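What follows is the residue order along each chain.
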Amino acid sequence: MSKARNLRGAAHDAAAGATAAEPAALAGALRMPRRDFVKALGGGILVLVSLPPALTGASGSAEQRRGYPTDVNAYLHIAEDGQVTLFSGKIEMGQGVMTSLTQMAAEDLGVALASVHIVMGDTASCPWDAGTWGSMTTRFFGPAVRAAAAQARLILTDLAAQRLGVPRSALTVEDGVVFVTGHRDRRVTYGELARGQAISHTVDERAVLRSAREFAIMGRSPKRLDGAEKVTGAAKYAADLRLPGMLYARIVRPPAHGATARGLNTAEAEAVSGVRVVNVDGLVAVLAPDPETAERAVKLVRGRFETAPPAFDSESVFDHLVQAAPDTRTTESAGDVDAARRDSARTFDVTYRHPYVAHAAIEPHAALAEVRDGKATVWASTQAPFSLQPQIARALGFRVEDVRVITPYVGGGFGGKAPGQQAVEAARLAQAAGRPVQVAWTRAEEFFYDTFDPAAVVHIVSGMDADGRLTLWDYQVYAAGERATEVFYDVPNRRVRVSGSGGGEGAGAGAASYHPFGVGPWRAPGANTNRFAAEQQIDAMASAAGVDPLEFRLRNTKDARMLRVLRAVAEAAGWRPDVAPRRTGRGRGLACGLDAGSYVAHVAEVTVDRATGHVQVERVVCAQDMGIVVNPDGAKMQIEGAITMGLGYSLAEEVRFQGGRVETANFDTYALPRFSWVPRIETVLVPNDDLAPQGGGEPAIVCMGAVIANAIFDATGARMLRLPMTPERVLAEIRKA
Amino acid sequence: MTDTIRFRLNGAPVSLETDGTRTLLWVLRTDLALTGTKYGCGMGLCGSCTVLVDGRAVRSCQTDLASVQGKEVTTIEGLAPAGRLDPLQQAFHDEGGFQCGYCTPGMILGAHALLAANPHPTREQIVQGLEGHLCRCGAHQRIIAAIETASGQRGGHHE
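If you read the sequences in order, they're chains B and V.
For the first sequence, counting from 1, position 445 maps to 445 in this note's numbering; every step adds exactly one.
For the second sequence, counting from 1, position 23 maps to 23 in this note's numbering; every step adds exactly one.
Quick caveat, the hints were computed from the structure, so don't treat them as lab data.
What you are looking at is a predicted structure, and each value in this text was computed from that prediction instead of being measured.
Wrong hints could be hidden among the right ones.
[Stated by the list, open to error] Covered stretches of chain B, going by a simulated chain V footprint (3 or more residues, C-beta under 8 Å):
| id | segment |
| --- | --- |
| 1 | 282-295 |
| 2 | 522-536 |
| 3 | 664-672 |
[As the list claims (entries may be wrong)] Here are some chain B residues the structure puts well away from chain V; computed CB gaps all over 12 Å:
| id | residue |
| --- | --- |
| 4 | Asp81 |
| 5 | Ile155 |
| 6 | Asp349 |
| 7 | His459 |
| 8 | Gly518 |
| 9 | Thr612 |
| 10 | Ala642 |
| 11 | Asp689 |
For every residue, glycine included, the Cβ atom is placed at its ideal position computed from N, Cα and C.
Let the hints inform the model, and build the full structure from the sequences given.
Quick look at the structure:
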């Protein structure tokens, strides 16, 4: 290590850098019987919320919740000084929920946004939560936050009514001050009301949420609360935390999936100054005082590996997925598909393919673990601190309550930070080393141990009558799961069959024989595959019927929300009726879908270079109905992000592998969307204030493959049945078309 | 092997007794405790480790410590001395030019070097200038808007 002069000391306390720098008393307090919580918090008012497990995504496992009040899902605390703290088991990974959850609490409590402090993702101080995924934070956790805030407001106004000697109905609340309506001088603040109290209250049915018409904080777009820290570099991610005496680990990894170590020689690595090698039941790691030394030493480990590579590679995997599909279930069935196959005027039998796709968050997985006095504290980049906690406990032989997981800012998740391999590794190594240990994956490890979006196959047989009305929809998906397969078109004879679980159904561990490596949820798991297939199929039928793609869709569905987003996107895009393909080299496409409770429709405009196959997406217009919009600008950021990310899986992203080796191990071989790819993006939020907020992080990505494919078809007449739509593949299809 | 490496870091002199072949990224993040500079790929492919050396954007994961001998190094922490945000930082904040924030320090420093060389870039020049910076969250459209705002080419609401 070097000596730094003229600078502050290198070591800074991890706890001070974490998002949840709460007093130690708090952690203890929240394990007490509920009536004692509030006293340990220093008095004031604590509001608890009980939600049915189905809404929180809880598995109901008592073990997972051990050490926590089993019936409580959100806390809001109003301290004696008026400080409001919202405790959330959700985490902030860029999706902006730190801001939107705070808005919701402030709205229903009746305080300014700046008065609410939020603590997220700390297992010691936050209520149990299944994990941050599935566009569920605003949909399911949001109502709990609002209910807690509304309850607190009720308690406070009741106290104020006593204090001021008037009925509650005579009171007005503004920015944490309660006053007699029309008499602003007869007032009392929330802090004054909370002083001397020790109230712990579970939400009952009396609290009424504010209506969309009354919103003062929700429905607006304050600057993001994480903005200042993120633009100054002050925001701490897991790999940024430091503890005195910590060591940096590099783990000895196999060269390929299916490879097993049959002897490791670590002598040379151990000879490097400052380096220790530890072996924890086969987890072999080099530990060093700085990351570069660890990197240098791990390269000196000599290993013999026995390989048992999978029998398929990134080209042959599709046949394997169909042949080896472990089970088939029918998720939707109506009419008689066999008869319709015979009787339809025209039928269409098409197969679509989707490759393995990486999450590729720019922040690699990282964790810092400290194991001391029979307790473990792990700071981790994770979407699921509460499911990580028992995993770590099992790995260490600890009780769950002796493990604390703290989630700093997460540098992108997209589903890839739901599993917690790196955190378990850090904990095991810290236990063995007796020193704090950081595990921070390299990009190559990231591409090796990522739980990829699974490769998948969709086979559709569809039919229509002579008037272009759908008569048949026989849909079979392999390995993507059922998300976004619901048939919202009016088809009398339909069947949806789902074979093999998708990444969204936790296929990670048990999928070893089906998939060559780990798979898991990837932003709207399976929905990208399913909409890619379904919306191209519809488009192909429209073309065959000689009908404009918008008109074809409008003619074949009565779903009012779908009709609204279709009309909204058409209007915003300036859609003029015409029949595809027009084969001019420029094209436009349309696609729509339903995901996480939200309806979306997209129009994309592309230019296709018919000499090279290069596709430039020029413009994407998206209309989304997501119910009440908590933060319009935040919602638009999510839509824009989803559209931009969707360019990647549509045009370039594909994990290539051979013999168990992942050939796409960095961004030179695995291309992510870049600035030059990004189209003009226009978003329309279709108002629907009668519906509670729906999903926002995922829906707008699900149509991207199809809408681009449909635009390429319009431009060239070529049908792109396999993702990604690389220049080579586009060129090959143009030549066939 | 130990060398004496002296340079200016965020306006203050630094002297390190260490191996000059070490990588600037890791020396910043460990020895100097400046963790705003991020590791993303380790091969100069993503831009998240970008810092300024004598005002030019370099990938600190591809930069030997010895090569900054006698030079001026600026990291994201040096862009807002005394807490006053640089116009680019303010514009990224105002325009929402970030989501998870992990690529943001490198992105802002890349944009800083771009504006230093070309104070009023066209949209095309911004796109070209940042082509080597990856953002997985897809904040690109707003990052471009932030740079246009900071360079006075949009009616931004920052001062």
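Quick rundown of the hints versus the structure:
| no. | hint | verdict |
| --- | --- | --- |
| 1 | 282-295 | holds (count 3) |
| 2 | 522-536 | violated (count 0) |
| 3 | 664-672 | holds (count 4) |
| 4 | Asp81 | 25 Å, holds |
| 5 | Ile155 | 36 Å, holds |
| 6 | Asp349 | 35 Å, holds |
| 7 | His459 | 31 Å, holds |
| 8 | Gly518 | 19 Å, holds |
| 9 | Thr612 | 18 Å, holds |
| 10 | Ala642 | 7 Å, violated |
| 11 | Asp689 | 23 Å, holds |
Hint compliance for this structure: hints 2, 10 are broken, all remaining hints hold.
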